[in-house]
Structure formats: structure tokens, C-alpha cells
Amino acid sequence: MKLITHNMLTSKCMKGVTVGYPLKIQAVDVKTSEVEFNPEFISRLIPKVDWNVLCGAAESIGHLDDLPKELVENYESDVEFLKKAHRVLLEIDIVNGELICPETGRKFPINNGIPNMLLNEDEV
Amino acid sequence: MNSSWRRYLLYFAQEHVDFRFAEVQSLLSLFKITMRILEKPEDLQPYWIVEFQKEEDAKLLASRSLSIRYCLELWGHAGGLDDLHRELKCIPTSFFENHLQLSKTFKIAVQSFCKHLAQTDKINIIQTFSYLPFKGTVNLNNPDTHLLYLEYYGIDSNDPPSEPYCVFFGRIVAAGFRQLIRELSLKTRKFIGNTSMDPQLSLLMANQAQVKLGDLVLDPFVGSGSLLVAAAYFGGYVVGSDIDYLMLHGKSRPSRIKQKKRDENESIKANMEQYCLQDKYIDVMVNDFATSFWRDDIRFDSIITDPPYGIREATEKVGIHKENYSISEKHLSTHIPAKVQYEFSELYQDLLAFSAKHLRIGGRLVCWFPIFREDYSEEGLPTHQCVKLVSNSEQVLSKYTSRRLLTFEKICEPQEENSNGANTIADFRNKYYKARDESRRERRLKEANIREQNLLEALQRQTPLKD
Chain A
111 MKLITHNMLT SKCMKGVTVG YPLKIQAVDV KTSEVEFNPE FISRLIPKVD
161 WNVLCGAAES IGHLDDLPKE LVENYESDVE FLKKAHRVLL EIDIVNGELI
211 CPETGRKFPI NNGIPNMLLN EDEV
Chain B
1495 MNSSWRRYLL YFAQEHVDFR FAEVQSLLSL FKITMRILEK PEDLQPYWIV
1545 EFQKEEDAKL LASRSLSIRY CLELWGHAGG LDDLHRELKC IPTSFFENHL
1595 QLSKTFKIAV QSFCKHLAQT DKINIIQTFS YLPFKGTVNL NNPDTHLLYL
1645 EYYGIDSNDP PSEPYCVFFG RIVAAGFRQL IRELSLKTRK FIGNTSMDPQ
1695 LSLLMANQAQ VKLGDLVLDP FVGSGSLLVA AAYFGGYVVG SDIDYLMLHG
1745 KSRPSRIKQK KRDENESIKA NMEQYCLQDK YIDVMVNDFA TSFWRDDIRF
1795 DSIITDPPYG IREATEKVGI HKENYSISEK HLSTHIPAKV QYEFSELYQD
1845 LLAFSAKHLR IGGRLVCWFP IFREDYSEEG LPTHQCVKLV SNSEQVLSKY
1895 TSRRLLTFEK ICEPQEENSN GANTIADFRN KYYKARDESR RERRLKEANI
1945 REQNLLEALQ RQTPLKD
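These protein sequence lines are chains A and B, in that order. Using our numbering, count along the first sequence one by one with no gaps and you end on 234. Using our numbering, count along the second sequence one by one with no gaps and you end on 1961.
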């Protein structure tokens, strides 16, 4: 699971959960792999991203590196910044671990890079 | 700038004819190309005579079309070969001089629609073009100027007329993108499931969705990810979700008849790697569509999906009919969630509401809708105030059933009080099994009757022998 996906997920649909965001990450196995850099896509993606959550998630799995904690102005034209964002959003892959609902502590396992967000029948 | 209109012939593949117009429309609007249709084409006719302002427009359109076989710059169009020659001789040579000059190699091909021409006939036809001022040499493999003479014998291949209805001659400007169908063939794909979409229809869906480089594309019923392959091929960054854990992890029963068990690394990701599209793969996750985990403000550029019809893939969601049910602590770690029937009309309502919320304005939802043909009416389709139906093409599946490819475009953000219109078409699954049950019973009765008849006849044959 990539951090962009983590950034887009909440557990709000669960019974009794009001915000459910951001999910905590318990990473067991993290892999980084090179992904082709497409500045246009990253520029289009950034407005969808909750930047603080992205930084927090990267930090919690020890991959923040040199990612600026604040979104810079005019990032569309700042290739260096886009590259850093690209690395954190798309190149870090959580292969095994857990996502944890911040309110209920419900754990969602991640196996082979695929998060299992299936609820049980008494939770829907 | 040369902005004069020129005549072109779009020569289509005679497959999925009902998707043709929708595909061309989608691509024209995607590339912001204007095209004028000169003659209103008849329904099944495999060619359109059109006009473009620039040759680049024609090339761009063909470069992504699955319906178009060739796009010709039309030099001549007549009722027969002799008339065509007369017409060509009247054209000022300046019109085609450029393409026939000394430095350009050339080739003339002859094709016919709905009738077979012998090779000798084709050569004879090619000879009749000898008056054209060719200066270059022939190159059959890779010509600079590729000319095509096309004879049209109607659409009934069982009874073609002796002479063609009309003939065309022109220069091939571009070929369609049909070689991609073979390139992405399911036969050679690493990971497939029982309901993987064939590449031609997947690519048509991606075209309907107007997927372009850098788009964020979602398939919420992803299965083996065949639609994501097509979307990624056109530059979309793809995300998928599915309720089927075993499918996403490549652990379900293999779909190929000779395969006893799935390979170690069969997955959607492996398919992406097979086609060198891994950079476009974001993630897939196990998720019940009825309980969405997406953040409220996430917007996708397009949603393309083939929801389960309840026939070969079950329409299910997590749930239980018992009241106040809870799972005991000791069973929790290995518990597999129970599922209940997810009525197709409810699923579709949810899909439209989800798209109304999670598409950007102008973004498209492209999805299949199975129907019984006798029940179908366009008014019966599901609706939502925030999405507009832009096209609707039919793929016939059997005498009674078909599925329709629906393309919706988001026109506004949903408000709280938005109401949905549920579909009023009979539920596909219920009717499917009802109709099938009957015919199955009938078939069994008929077979039993035949067996009885045979037995009686056999007995009668045996009796005389005994005497």
C-alpha cells in the first residue's frame, strides 16, 4: 500500500466512528521501488492530498527523509519539491503491516501490499 | 495555417457496431477535434465520409480508436471502378503530386467488404491505376504512400451483389489502434479471472471514460483488473477495490482449463508489470463497495467498472439478517465476514451516488448494465441528478439478454436533498434464473421423453428377434 492510498482512506463508515482519519500505520515490512516521475500527475495529485497527514504517515514509518513539512507555494513549477512528493506518495510501499482506526483501534491487516478493509457483519 | 476542410473516409471494423458512434464522439471531445459528417451513415454501414480541418486531427482520432480500421484521405468515391477513374482523372495533379513524387515509395492495396476478391482480380484492379503520375518505387512492406482501393458490397456476406454498391480510393493517413487488442490478449495475460473483460471492450471503456495521461482512475469492482490495464495503457493512474479477498491475492481457483492451481505471483500488479505499466499502478484493496473507505473529498477523473450481475459473480455485501448479532472474541481473529444479497438495483443506485460524489465535474462513470432485451427502455435506467447519461451502447449476449455500456458525466456536486431515480427494469438476476429454471425443466422433460421413445423403439426392434 502506497502512502497516497493511505492519505485517501478513512474508517468513517464504521459504526460509532465520526472522523476515522488519519488511520495509524503499523508497518512490518516497507519496500521502496522506483516509479517513473510524472510532474504533471504529481501536481494534479497534491491538491487531493492532506499534507500534514502525509508527513505524519511518512514519519511514522521512518521515511520522511527530506520531505518539507509545509506545502510550498507554486509547487507546480518546483521540480525538486515535486520529486520529493513523488517519492513519498508513490515509491514507498507498505508490504506487510496494519492500518488502525484512530477511534476504535480496529486493525486492518495489510498483506502483500493489499490492505484488507473488509468489516465484519456486526460492524456495518 | 491551412484550415480548409478535407474529405476523409473512416473505415470501421465491423465489430461492436453499436459502440462506434459513442467512441468517436468521446475521442473527438477528448482531443477537442471538430469533425463534420458529410453523409449520414446507415446503421451498419462500415464507413463514414467525414471532413477534418487538419490531417493531424484524423491521425489523433485514429491513434486511439478501437473501432476504426483505417482513416483515408479520400481521393475518389464513386459507384464503380470506371466512374472512379473518371473522377480521379478530373482532379488536378497538384492534389496528390506530393505523395507520388520520386522520393516517395508507394503501395496500392485492394480490399473488399463482404465479398472475396481473388488475388488476380486485385492485381488487375491495381493495374488500372497506372495512369496516376507515380514517380517513386514500389515498397510493399513499408511504403511512404499507402493507397487503398475499397469495394463495398453491402453488409450481407451471404448474398453479395455481383457489382459493388460503391468504391473508394484514397491515401491511408492512419490505422486504428486495433493491434492493441492482440497485444493485451487475455490468452497471454498472466492473471485472469472468470469474468475478465476482453481487451477490446476494456479499451473501448477507457476511451468512453476519456482516460488521459495523469488521470486518477478507479474501478470499485476490480476483480482481475482487466479494466485497469486498459486505463493504465492510456496513461491513467489506477486504483481498484473488490470484496473478493482471494481474487485480489491471486488465490481463487484458476480460470484456465489446463491450470490446476494459480502461480505464486498472479496478481493485478503482475499484469501491470507484464505490460510495463507498473508505474501507473497505485493500489488495490479488499473493500466492500457498500461501505466506502474513501475520504469524502477525494475526486477521481473517471470510474470504470463492470459490477457483478449476480450470475457468474455474486452480488454480495457484508451483512447478516440476524438482529443484534456480534462475533465472539475467540472467533474474531479467523472470522470471515458473512455476506448478504446486494440487490442489483441497490448496487446501481449506490454506484451512481458514489460517482456523483467522487467524480470531478466533467469526469465520467463508464459501467455495464445487464438487461433482458424485452424489458428494456431507456427511461427504466437508473438516474441521478448529478450525472448525465451521455452514451448507451448495446452488446447482445443472447437472444434474450444483452448488456449496455452506460457512460455518465458528472454535471454538478451533489446536495443533501438530491434524489435518485431507481431503475425500473426487472432485476436481471431474478429473471435470469427464473427463465433458466423453466427452460431447464423443459429441457429435462424433453430429454426424458426422447429417452423413453428410444427405449420403446429399441424394445420393438428386439421383440421380433425373440420370436
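By construction, these hints were calculated from the structure, which means they are not laboratory data. Any given hint could be a false lead.
[Claimed, not checked] Keeping only pairs whose Cα atoms sit at most 27 Å apart, straight-line, the calculated DSS-like set for lysine-lysine is:
{"hint": "1", "chain 1": "B", "residue 1": "K1706", "chain 2": "A", "residue 2": "K125"}
{"hint": "2", "chain 1": "B", "residue 1": "K1816", "chain 2": "A", "residue 2": "K112"}
{"hint": "3", "chain 1": "B", "residue 1": "K1882", "chain 2": "B", "residue 2": "K1928"}
{"hint": "4", "chain 1": "B", "residue 1": "K1811", "chain 2": "A", "residue 2": "K122"}
{"hint": "5", "chain 1": "A", "residue 1": "K158", "chain 2": "B", "residue 2": "K1598"}
{"hint": "6", "chain 1": "A", "residue 1": "K194", "chain 2": "B", "residue 2": "K1706"}
{"hint": "7", "chain 1": "B", "residue 1": "K1811", "chain 2": "A", "residue 2": "K134"}
{"hint": "8", "chain 1": "B", "residue 1": "K1851", "chain 2": "A", "residue 2": "K112"}
{"hint": "9", "chain 1": "B", "residue 1": "K1851", "chain 2": "A", "residue 2": "K122"}
{"hint": "10", "chain 1": "A", "residue 1": "K134", "chain 2": "B", "residue 2": "K1851"}
[Claimed, not checked] Below, a sample of chain B positions facing chain A; criterion: calculated Cβ distance under 8 Å:
{"hint": "11", "residue": "G1630"}
{"hint": "12", "residue": "V1632"}
{"hint": "13", "residue": "L1740"}
{"hint": "14", "residue": "D1777"}
{"hint": "15", "residue": "V1780"}
{"hint": "16", "residue": "R1793"}
{"hint": "17", "residue": "I1855"}
Using N, Cα and C, we set each Cβ at its ideal position, and we do this for glycine too.
Going through the hints against the structure:
{"no.": "1", "hint": "B:K1706 to A:K125", "result": "38 Å, violated"}
{"no.": "2", "hint": "B:K1816 to A:K112", "result": "37 Å, violated"}
{"no.": "3", "hint": "B:K1882 to B:K1928", "result": "33 Å, violated"}
{"no.": "4", "hint": "B:K1811 to A:K122", "result": "18 Å, holds"}
{"no.": "5", "hint": "A:K158 to B:K1598", "result": "51 Å, violated"}
{"no.": "6", "hint": "A:K194 to B:K1706", "result": "24 Å, holds"}
{"no.": "7", "hint": "B:K1811 to A:K134", "result": "26 Å, holds"}
{"no.": "8", "hint": "B:K1851 to A:K112", "result": "23 Å, holds"}
{"no.": "9", "hint": "B:K1851 to A:K122", "result": "16 Å, holds"}
{"no.": "10", "hint": "A:K134 to B:K1851", "result": "25 Å, holds"}
{"no.": "11", "hint": "G1630", "result": "41 Å, violated"}
{"no.": "12", "hint": "V1632", "result": "42 Å, violated"}
{"no.": "13", "hint": "L1740", "result": "11 Å, violated"}
{"no.": "14", "hint": "D1777", "result": "4 Å, holds"}
{"no.": "15", "hint": "V1780", "result": "4 Å, holds"}
{"no.": "16", "hint": "R1793", "result": "7 Å, holds"}
{"no.": "17", "hint": "I1855", "result": "14 Å, violated"}
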